[in-house]
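Single-letter residue listing:
2 protein chains.
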Amino acid sequence: MNIKKMMQADKVIPYLLQARFGIEKESQRVNLAGELVTSDHPKTVGDRLFHPYIQTDFAETQLELVTPVAENITDVLAYLEAIHDVTQRSMPENEMMWPLSMPPALPENEDEIDIAKLFRHEDVLYRRFLARVYGKRKQMVSGIHFNFEYGEDLVKQLYRQQNEVVTLEKFKTELYMKIARNYLHYRWLVIYLFGASPLSEARYFYDDDRPDEPVRSIRSSRFGYVNKPDVVVSYESLEKYNEDLLENVERGRLSEEKEYYAPVRLRGGERVSDLINHGIRYVELRNIDLNPFDRIGINYQEVEFLQYFMLYLLWTDEGENADKWVAEGAVRNEEVSLEHPLKETTYLAEGQKIFAEMLEMADILDLDRQLIEEFATWLEQPEKTIAARVLTADKKEGQAAFATDLGKKYYDQAYEKPYQLTGFSEMELSTQALLFDAIQQGIGAEVLDRSDQFVRLQHGDHYEYVKNGNMTSRDTYISPLLMANKTVTKMVLAQAGFRVPQGETFSSLMEARKAYPKFAQQAFVIKPKSTNYGIGITIFKGETALADYQTGLALAFKEDQEVIVEEFMVGTEYRFFVIDGEVTAVLLRIPANVVGDGKKTVKELVTEKNQDPLRGSDHRAPLEIIQLGELEQLMLKEQGMTIQSVPAEGQQVFLRENSNISTGGDSIDITDEVDESYKKIAVDAVAALGAKISGIDLIIPDIHKPYENEQDYGIIEANFNPAMHMHIFPYAGQGRRLTQDVLTLLYPEMQIKR
Amino acid sequence: MNIKKMMQADKVIPYLLQARFGIEKESQRVNLAGELVTSDHPKTVGDRLFHPYIQTDFAETQLELVTPVAENITDVLAYLEAIHDVTQRSMPENEMMWPLSMPPALPENEDEIDIAKLFRHEDVLYRRFLARVYGKRKQMVSGIHFNFEYGEDLVKQLYRQQNEVVTLEKFKTELYMKIARNYLHYRWLVIYLFGASPLSEARYFYDDDRPDEPVRSIRSSRFGYVNKPDVVVSYESLEKYNEDLLENVERGRLSEEKEYYAPVRLRGGERVSDLINHGIRYVELRNIDLNPFDRIGINYQEVEFLQYFMLYLLWTDEGENADKWVAEGAVRNEEVSLEHPLKETTYLAEGQKIFAEMLEMADILDLDRQLIEEFATWLEQPEKTIAARVLTADKKEGQAAFATDLGKKYYDQAYEKPYQLTGFSEMELSTQALLFDAIQQGIGAEVLDRSDQFVRLQHGDHYEYVKNGNMTSRDTYISPLLMANKTVTKMVLAQAGFRVPQGETFSSLMEARKAYPKFAQQAFVIKPKSTNYGIGITIFKGETALADYQTGLALAFKEDQEVIVEEFMVGTEYRFFVIDGEVTAVLLRIPANVVGDGKKTVKELVTEKNQDPLRGSDHRAPLEIIQLGELEQLMLKEQGMTIQSVPAEGQQVFLRENSNISTGGDSIDITDEVDESYKKIAVDAVAALGAKISGIDLIIPDIHKPYENEQDYGIIEANFNPAMHMHIFPYAGQGRRLTQDVLTLLYPEMQIKR
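So the protein lines, in turn, are chains L and X.
Going by this note's numbering, the final residue of the first sequence carries number 754, and the count climbs one at a time with no gaps.
Going by this note's numbering, the final residue of the second sequence carries number 754, and the count climbs one at a time with no gaps.
Please note that a few of the clues may not be correct.
Which copy is meant is left open, so a pair is good if it fits within one copy or across any two.
[What the hints assert, rightly or not] Listed below are the simulated EDC-like cross-link pairs for lysine to aspartate or glutamate, each with C-alpha atoms no more than 20 Å apart in a straight line:
| hint | residue 1 | residue 2 |
| --- | --- | --- |
| 1 | K11 | E567 |
| 2 | K529 | D449 |
| 3 | K529 | D697 |
| 4 | K514 | D153 |
| 5 | K514 | E152 |
| 6 | K490 | E567 |
| 7 | K514 | D560 |
| 8 | K486 | D449 |
| 9 | K353 | E328 |
In short, the hints are calculated from the structure, not lab data.
Starting from the given sequences, assemble the full structure and let the hints guide the process.
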């Protein structure tokens, strides 16, 4: 079987880069001073019993972040970024993630290292066993596990290029066995490039058996967390591998199969016997150190290089004697792991040969050379390797200080824009918040279409689709359509006994004039049917003269052929967010404004207010930047001011008529202030519309006075797919995590704690 | 209480024409020869036990059509038109409605007149009693019952103009009592204008006590269906009215209250005692004959006049002695009813006074004069009255022949455009069909927004909202959104194991070129991401050379920046309509075409095919007119033809590439031909998408061969809100009443028979 030739087949080439990726990343939790914490796993995170994303490894302080399987590098890293954001923001405020593979200084008394407090007793027992056999300290090392699977079409097309192996399953297993052997042989190169554990912190080593000087990777050397030397397993064939593994367990050299810590693990099922029955599905590379220079411990180029390396391992011939080939790899690995990071490697020549072959492969297979060329330079310039860079930093300020600084930097990054979820930050804020909460609660979250804000959630076999944050299966098809039609909404609400503004639409001045007596004695508003920024709107608040009424009509008819004359409801408008028969947030929106301090000009006050990290532009932040454009300046002029005026201390200067958040308005949460009677009205009105989720706008003269009669409120409109981010991150008042309410609605069985 | 003055108040005037209307109309069922039928009430119509629209009156052959309450004249007549369409199309093909108030020739043996076969035994018993007391023949007379209510705001504003009557309820009752007395006094004018029963047919009269010559209204005279003369009821006050009525019942002059046949009935509840407790809510005018010149027995101007007349009755003073005032009216009524239709009325002078006062009222209240002026001319020109016109027709061909001709004309009208529902014909065809079926089944159907196709249905206290014919509460909010996203749809279907076309989207020629080997050996299609009329699309059906592939790409990239290369599924496309887990229709659409006869040119064949009443334009008919525009002529040219070519007999000439119905394509129902296995696939795929209603498009090479493997079908797309009219009225094959399936889905408790 000439795989090299098979890979060059026309039908194979288009699929060469097809692959699936998954990353697990461990991290120790430390305080902001870089000291290992003693707190429990974050309580705001969903149950570890099923959590697909946020787990603990050996110790209670040792986070294990797990991405879902992704079809490309961008996606797998996006998930890892997002899981990082969620994890960091779910931890106590004084905790962060230690960015190194080597643990921070460990407690003098090993008993103070808490084994992960898992629910299943067998999981705890196993960890206790490990602690006994290997010592707790070694278990505190962290790293990246990199899961890699060749694309389905790639494997199929390769399979069709040959006749030797009859079944696709056997063929796949042969491919992965070759990869595994070659990886074991050549893995020293990965250590050379990405090894990043040159030094230990206090109390990692039990005795004096430790490196004399910095190395490339303590973790990958015999000083790392490795099996006893008597555990030997052959990679000649899957059958042999399996036999050896079983024998090691039978003879008590391993407690169970999973105690075998190969740098590459063959994956395909829960147990090794599953491999025998169904073949290998993918491989797990376990010897990647955390790259502290990236907050998620790995970056795009590293993953891309690993993918190319996996292709190279398929491409390049292997040694005839499998066991010897693997054993040679072990020797090289040990040597390179323990080399000084700044020194040239012993295997320079072999490394150069590998890179040359990789480039040749790239040329033949029409792959990108640049990446390979870049890493090739690291071979001759060891100072470019990660271990070398860590060492350099250590020389400057000490490894612990350096790691603490980096950790703090990543910590700050996670809180900088609390409304953003890294990896998904181009999506709508509501969807980002929903993804955040899903990841936090351990609900599987897959983005099906980024630009369409289409998400699939999963818990067990319960799937839910969500679009735009709150369009779900819990609402009916017709109810949002009903809310979209303002006429029908008013009709339905009025018939159900709710107060809505009474009004009429006119298409001629004459017709509208005739209706004058209907409105003359009450507060009412004249407005063009479609209007922007209040143009053409006139509000009359008491007895209105016919002449004024006609002037109002004329102004409105200038803007539109249809004019609405409608009862004007006196009071303030509030947005009630109703979900599943409950009001979970009430918001007051006020027009863009600044409050004077007697010193700064309006312009300066605006600049200052715009510093708020919650303010951004184009709906990419919960609040919008306040503009000082034509409309704002006009508004100032009407108040006898300019942008250079200096408002008195405490004087609130409004810059807009309209209270839209999109034009710089402030959002103020008042959920706890509103009398319950109005919440009941909101809930009942939404029920009358048949909706589960709605943002309903009520006019209320006094939110503190309980509802008594019809004049105490009016319903302006009901919105389907109501904005949630303004409630989650208000300008003032308490944020309301509405996306969690959405998850509660979709997954009642999870009993999510609010 | 000076009502005349109150009506002139500024605040009253805008509401003067605010009112609510309801019409009941009786009709005898006859065969197309105008003979009374003996068949039962139509079986396709929902149960008479609850049917709000289509009932029977006294006899089994006597339809009673009932409109819902409407806020304006247009709406009430629209409902009556629609109910007519439904009733006519629900009757056996050889039956129609007799357009006259006077029945057609009655059977010699009165026993042959079947009393309505109602479910409730008490209803049958009551009719048997009536037959015994009044004779069956008189019960066979039909008419219009006109229900009228002054607008709520109108009554309120009038109420506020006075202090005498304390409660609104009592005030309202006083208004209606005045109306009733005045109507009883002046009703002769309505008989003069709209009386339309000048002659009887065979066997209406039992003896020789009958008019000697034609009259204005047999029905409204003592020859009509009236109480015995000893039944006298006072209208002095509601209390008095009630007392008298109870006394008449107690003394056995009436069997029960409802046997009192006043020309105006006071309404407000089930029983007269309800009137005492809650006051009068509206009045029912019962002395309007069927106007045979309108197919629904009444027209807009008549109703408008009646509304003005009701205002006039409020406006004009009444006689001091109520009983005398009413008794005078009875005398006048009897006289005018029995006048010869072509002769001047005895009460000409009084009539002129009424019209003069009405015009004065119109001037003062700013109402339209024109309508009043028109009817005023009838007073001096009795030949304009309806009775006179019937008489004129009778002279020409005999009343029976004339009525039969008119009945046949209305019959033809109802079948002319079977897909239209008169009164709602500007709405979408699917919504018209849904309204038709709702009315037929006796489901309350209210159009909330005509242009938005928004309907509210009601059965008992079960309300449902429907938009665009099949957007309902039975589907979830998310599922149509999922179907709207073609990428997500394909993803979900593929993951659920269905075959969807595999493909990729490219944004550069280079990128697309690289994928060549993926497609080279299979059938595939290259298309611009958005495309119209197949421009830029190339289909490759076997092994494809790279050069051809590139040409295809170039063509597609000319049309769009994004190009899709996708597996081409071989076979024919079929639309499966799935509802509630069942395929209820399968449709084949074929491009616009004509079939030659060896004689006619393409142009003539097209003209001929376009005669089909199912063809129309702008989606106002189930099929579209075939055009002979640029594209069609180009298509002919490619086949070496022009519009003047004469295709051979049986030769099918296609005029379009695409099979859209909107460009003249034919729709062919093949529901019964498709193998069940494909229906199962359609049902399962729609279930995977979580939808209750979907139109799913499958490519199937052979619909007769049961599904065996993946190559036997492919799913192209799933449509939410799928078109229904093309299935209901196909070009060929059996129509499928899908709107009835929608009602079955919404109202399972009704167990609608299909």
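**Request:** Would you pick out the hints that fail for this structure and give their numbers low to high?
**Result:** When the structure is compared with the hints, none of them turns out to be violated.
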